[in-house]
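*Asks:* Sequence:
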Amino acid sequence: MNILVGEKFQFQFERKRKDVIMASESIETSRLEDEISCSICYGIYKNPVLLSCSHSFCKECVQELWSKTATQECPLCRRKSSKEFPPLNLALKQVCELILKGKAQIGVSKALCPLHGENLKLYCKQDDQAVCVDCIGSGQHQNHDVCRFNAVVEERKEKLMTDLKPLKEKIDNLDKLKRGCDGTATFLKKQTDKTEAVIKSEFEKLHRFLYEEESARIASLRKEEQQKSLMLQDSVKTITSKLASLSAVIESIEREMDIPDMEFLQNFKKIKTRLRLEQGSDGVSQTFVMAEPAKRSRKVQCTLDEPDSIPVPLIDISKHLSALKFSVWEKMLGSIQHSPVTLDPSSAHPQLALTDELSSVHYSIRGKSLPSNPERFDLYVFVLGCEGYSQGVHSWEVEVGNKPNCRIGVARESVPRKGNFTVCPKEGFYTIILRKRELRAGTCPETRLEYDRKPQRIRIQLDCDKGEVTFSDPSEGTHIYTFKDTFTEKMFPLFGPSKDSAQLRICPKGVYVQHER
1 MNILVGEKFQ FQFERKRKDV IMASESIETS RLEDEISCSI CYGIYKNPVL
51 LSCSHSFCKE CVQELWSKTA TQECPLCRRK SSKEFPPLNL ALKQVCELIL
101 KGKAQIGVSK ALCPLHGENL KLYCKQDDQA VCVDCIGSGQ HQNHDVCRFN
151 AVVEERKEKL MTDLKPLKEK IDNLDKLKRG CDGTATFLKK QTDKTEAVIK
201 SEFEKLHRFL YEEESARIAS LRKEEQQKSL MLQDSVKTIT SKLASLSAVI
251 ESIEREMDIP DMEFLQNFKK IKTRLRLEQG SDGVSQTFVM AEPAKRSRKV
301 QCTLDEPDSI PVPLIDISKH LSALKFSVWE KMLGSIQHSP VTLDPSSAHP
351 QLALTDELSS VHYSIRGKSL PSNPERFDLY VFVLGCEGYS QGVHSWEVEV
401 GNKPNCRIGV ARESVPRKGN FTVCPKEGFY TIILRKRELR AGTCPETRLE
451 YDRKPQRIRI QLDCDKGEVT FSDPSEGTHI YTFKDTFTEK MFPLFGPSKD
501 SAQLRICPKG VYVQHER
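Numbering follows the UniProt record's numbering, in which position 138 of the sequence shown is assigned residue number 138; successive positions increment by one, without gaps.
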């Protein structure tokens, strides 16, 4: 019993001695940490820099502080620093790193058994507990699966690494998606800029047309004004001349009336004859009316050779303003062509080049870097129309010209877009193929068509209600081939220009105005 008490006393003594030593070490470590702590963040220095006043601070701390103040001075002594970028205090940095490393080791060494004060070097898997050698010797973990502590740590780290693999794969996938989004954002900006440029160009054409039309109509108005002004000037000249002639006659007769009475009577017949000649052979005066806008007519006496009225030239306002907007719009329509099908850039293979009007397409050796969106064909050089049809009859013509190879027709909305597949009605494709100047129907297998000449244009007619896709030669009016099926979803025009540089062009249709009577 005394031996057990002695052993217990010895154990308690050793325990207290270790506690005192650890407390002493802790005090010394705390003092040292105070000496190597930044006075700004109160933590151990990280990348310490040395100011000209010999005080040191964390590099990030002093830079952040100086960014908020007008002067670069020491936070402790307020002395201005002579350098904008103080040098790194390498010796102090090494000391700090050693202290931090020592603290980590001390932290590991503090993992002691609470019962025996020994290092926990072993691990009991049954109790899921770290133990020391004395714990095993005491029989507390008898017949348990005990192994080295470090081995358990490594084993569990490996398990965690295995568990982390799916998360890392998700991170990789998310990173790819993010990079894809970043690329799409860049492409979106390019799309916006290009589309904006096309819109501005088209509106500039419209503005130019309207400006030229406005200038032409104003020029026509000015020309009419000039013509009417000249007519008015001629009328004024004629009236002025007649006024002068009549005034001279009146003055002459009035002078005759002032002569002596006897002489006046002797000359009266001559005066009367002269007046009759001026007034007309029958001596009856005539009247003409000079019409003035918004004024009462004014009567003027003159001889018979004077006109009854002087026409006043006015601007034909109705000619210039009647249905002005409509007539300009109608004239504008005469220069506009409408494409019955608009190509969809989002579905186009990266090596297809579309015109700005989205009405023509050709193959380009230099492909574009485009987003791999679900709508885009990535293997077959196809592009769809942007509008799908689910009912009614729709038709359009495609100019194939001298292309040796191409494929045109219609496709269901749900056709595959990625990878390899069979282009046939079973997959939702209803097409005809021009290959080496020979026409074939895109059946499975392909059907060779007996057509004695290569058409320059091909007309496609889609009848959604009857489930028919008909191909014909519009220049000859001859039938080429007809697919028959049941369409249960939207059908889209399809264009495959193949790998040559010649373009496929959707033939435009004119725009007409029908007047109602």
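Rather than coming from a laboratory, the hints here were simulated on the basis of the structure. Don't be surprised by glycine CBs; every beta carbon is placed ideally from N, CA and C. Among these hints, one or two may not hold up.
Below, a list of computed lysine-lysine pairs in the DSSO-like style, where the Cα atoms sit at most 30 Å apart [as the list claims (entries may be wrong)]:
1) K46 with K83
2) K331 with K189
3) K242 with K272
4) K83 with K228
5) K228 with K205
6) K157 with K168
7) K499 with K403
8) K46 with K189
9) K80 with K101
10) K189 with K200
Ranges between beta-carbon positions, derived for each pair [stated by the list, open to error]:
11) K189 with E73: 29 to 37 Å
12) E73 with S369: 37 to 45 Å
13) P445 with K189: 40 to 48 Å
14) K194 with V393: 53 to 61 Å
15) L210 with P350: 33 to 41 Å
16) C53 with K168: 21 to 29 Å
17) D134 with C53: 54 to 62 Å
*Asks:* Would you mind confirming whether the straight-line C-alpha gap from K80 to K101 stays at or under 30 Å?
*Replies:* Given pair K80, K101 is violated - Cα atoms ~34 Å apart, limit 30 Å.
*Asks:* So if I understand the rule, the pair passes when the alpha-carbon distance is 30 Å or less; does K46 with K83 pass?
*Replies:* Satisfied, since the Cα-Cα distance of roughly 19 Å is no more than 30 Å.
*Asks:* Is the distance from the Cβ of C53 to the Cβ of K168 consistent with 21 to 29 Å?
*Replies:* violated (49 Å)
*Asks:* Keeping to a limit of 30 Å between CA atoms, is the pair of K228 and K205 held or broken?
*Replies:* Answer violated: K228 to K205 is near 35 Å, above 30 Å.
*Asks:* Measure nothing beyond the straight line between the CA atoms of K83 and K228; if it is 30 Å or shorter, mark the hint as holding.
*Replies:* Roughly 87 Å between the alpha carbons, so the hint for K83 and K228 is violated.
*Asks:* Take the C-alpha atoms of K499 and K403, compute the straight-line distance between them, and say whether it is at most 30 Å.
*Replies:* Within the cut-off at roughly 10 Å; holds.
*Asks:* Just to be careful, I want the Cα atoms of K242 and K272 compared with a cutoff of 30 Å; is the pair within it?
*Replies:* Roughly 20 Å between the alpha carbons, so the hint for K242 and K272 holds.
*Asks:* Do the Cβ positions of L210 and P350 conform to the proposed distance bound of 33 to 41 Å?
*Replies:* holds (39 Å)
*Asks:* If you check the beta carbons of P445 and K189, does the distance land in 40 to 48 Å?
*Replies:* holds (46 Å)
*Asks:* K46 and K189 were given as a pair; does the straight-line alpha-carbon distance stay at or below 30 Å?
*Replies:* violated (42 Å)
*Asks:* Between the alpha carbons of K157 and K168, is the straight-line distance 30 Å or under?
*Replies:* Distance ~15 Å between K157 and K168 Cα, so the pair holds.
*Asks:* Would you check the hint for K331 and K189, treating anything up to 30 Å between C-alpha atoms as holding?
*Replies:* Given pair K331, K189 is violated - Cα atoms ~36 Å apart, limit 30 Å.
Checked against the numbered hints above, the structure breaks hints 2, 4, 5, 8, 9, 11, 12, 14, 16 and satisfies the rest.
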